[in-house]
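Residues 1324 to 1691 (the working numbering) make up the sequence shown, in order.
Just so you know, not all the hints are guaranteed correct.
As the list claims (entries may be wrong) - With a Cα cut of at most 30 Å, we get these calculated DSSO-like pairs of lysine-lysine:
id, residue 1, residue 2
1, K1394, K1353
2, K1446, K1478
3, K1446, K1473
4, K1478, K1503
5, K1394, K1582
6, K1509, K1582
As the list claims (entries may be wrong) - Listed next, with one range per pair, are the computed distances between beta-carbon atoms:
id, residue 1, residue 2, range
7, D1371, N1427, 43 to 49 Å
8, G1655, T1505, 29 to 35 Å
9, K1583, R1410, 30 to 36 Å
10, N1469, I1654, 39 to 45 Å
11, Q1691, N1469, 38 to 44 Å
12, P1414, K1659, 34 to 40 Å
13, P1641, A1597, 29 to 35 Å
14, G1479, P1352, 46 to 52 Å
15, R1586, A1466, 47 to 53 Å
FYI, nobody ran anything at the bench for these hints, they're computed from the structure.
All C-beta atoms in this analysis are idealised placements derived from N, C-alpha and C, irrespective of residue type, glycine included.
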Amino acid sequence: MCKKVFLLLLTIFSFQLLFAQKNLLTNFPKGFTPREAGKRLAYHFVDDRHDLYAARYIHYAEVCTWNSALKYALATKDQRLIQLLQRRFEPFFTKEKALLPPMNHVDYNMFGSLALQLYQITKDERYRDMGLAYADTQWELPAGANSEEKAWADKGYSWQTRMWIDDMYMITVVQSQAYKVTGDAKYIDRAAKEMVLYLNELQRPNGLFYHAPDVPYYWARGDGWMAVGMADLLRDLPKDHKDRPRILEGYLSMMESLKKHQRSDGMWNQLIDAPDFWPETSGSAMFTYAFIIGVQQGWLAADVYAPAARKAWMAMIPYIDERNNVTEVCIGTGKKNDKQYYHDRPRMAGDFHGQAPYLWCAAAFLGQ
């Protein structure tokens, strides 16, 4: 065989292999398709009651689910669903205004991401004004700020910085959405600067993250916020941004470690590196999402991570019950330096912490 023919056949084979690998993210059997699962979860959310933080304000987990339902609706061009999701928001301008989170905490300010996403869909200036207020106040030092908050602000970081791994979704999502709406680089620069800080201070040599510096356990959902935050930020970050190499390095290191700790059935455990712990759905879905985005964007090797993402998704679907609730979701969990504490955490069906990342995955599979 001449060299030219050999190279031609090699090229054809390479394209066929790449197509087969990418096909793993698009070709699912009936009952497991992202369109089916996403529709079940998104329409369930429309009719669900509000999840309130401290019994007063819209909880960040509801905001995450709302955002992901909108992404699914856009991916499927479901105009009825978009209208229903928008209609659910409308009372915040009138009778439910008291449920709006105050602009004084990292978990509260991320609410602005929802308003900004709705603005991109509707071009209604009310959403833009509301969303940018949440994004801007995250960097505007309040009059009553304490010394620690002032110190962060003096260094150019958000005064809401607290070095909790959750923050790298909560902060980056609202700042990235503000960047998309305005085109103002200050917003994406803020998100990237924060991410680099958290990576430098909190990422462990194995690529994962302790729940807290004084709690040496790799809690799945905690690490999930970092996985999703990095994946989304890298997708939004300009290719020539100065902080992109560092963030990509942190992301790749984490993805490699997550691949090593994936269970044989496709899931991840409540504590990532604890083989005797139970499989937890919210963290598993977050890691799956990060894999999907990485393969689609070309950051991750498709021959390694596309099969892993598919295996995870196929394992995740049976955890959706007949009421369209994701089961085996660890409830909200504060840090504690006690391994048994994480093992014994209650699990809740339908918790928005689980509904949201399942919808992220469905929308991502569909290209949104």
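Results for each hint:
Between K1394 and K1353 the CA atoms are separated by roughly 22 Å; this keeps the pair inside 30 Å, and the hint holds. Proposed proximity of K1446 and K1478 is contradicted: the alpha carbons are some 35 Å apart, above 30 Å. For the given pair, K1446 sits about 35 Å from K1473 by alpha-carbon distance, which is inconsistent with the 30 Å threshold. Of the supplied pair hints, the one linking K1478 and K1503 holds, its CA atoms being roughly 25 Å apart against a limit of 30 Å.
Annotation: proposed proximity of K1394 to K1582 holds, straight-line Cα distance about 26 Å (limit 30 Å). The hinted pair formed by K1509 and K1582 fails the criterion: a straight-line CA distance of about 34 Å is larger than 30 Å. The beta-carbon spacing between D1371 and N1427, approximately 27 Å, falls outside the hinted interval of 43 to 49 Å. Judged by the Cβ atoms, the range 29 to 35 Å given for G1655 and T1505 holds: they are separated by roughly 32 Å.
Range check, K1583 to R1410: about 45 Å between beta-carbon atoms, so the 30 to 36 Å window is missed. One distance hint, 39 to 45 Å for the beta-carbon pair N1469 and I1654, is violated here, with the actual separation near 30 Å. Checking the proposed 38 to 44 Å range against Q1691 and N1469 shows it holds: the Cβ atoms sit about 40 Å from each other. Distance hint check for P1414 and K1659: the Cβ-Cβ separation is about 37 Å, which falls inside the suggested range of 34 to 40 Å.
For P1641 and A1597, the Cβ-Cβ distance of about 22 Å falls outside the hinted range of 29 to 35 Å, so the restraint is violated. For G1479 paired with P1352, a C-beta distance near 50 Å keeps the hint of 46 to 52 Å intact. At about 50 Å, the beta-carbon gap between R1586 and A1466 stays in the expected band of 47 to 53 Å.
In this structure, the hints that do not hold are numbers 2, 3, 6, 7, 9, 10, 13, in rising order.
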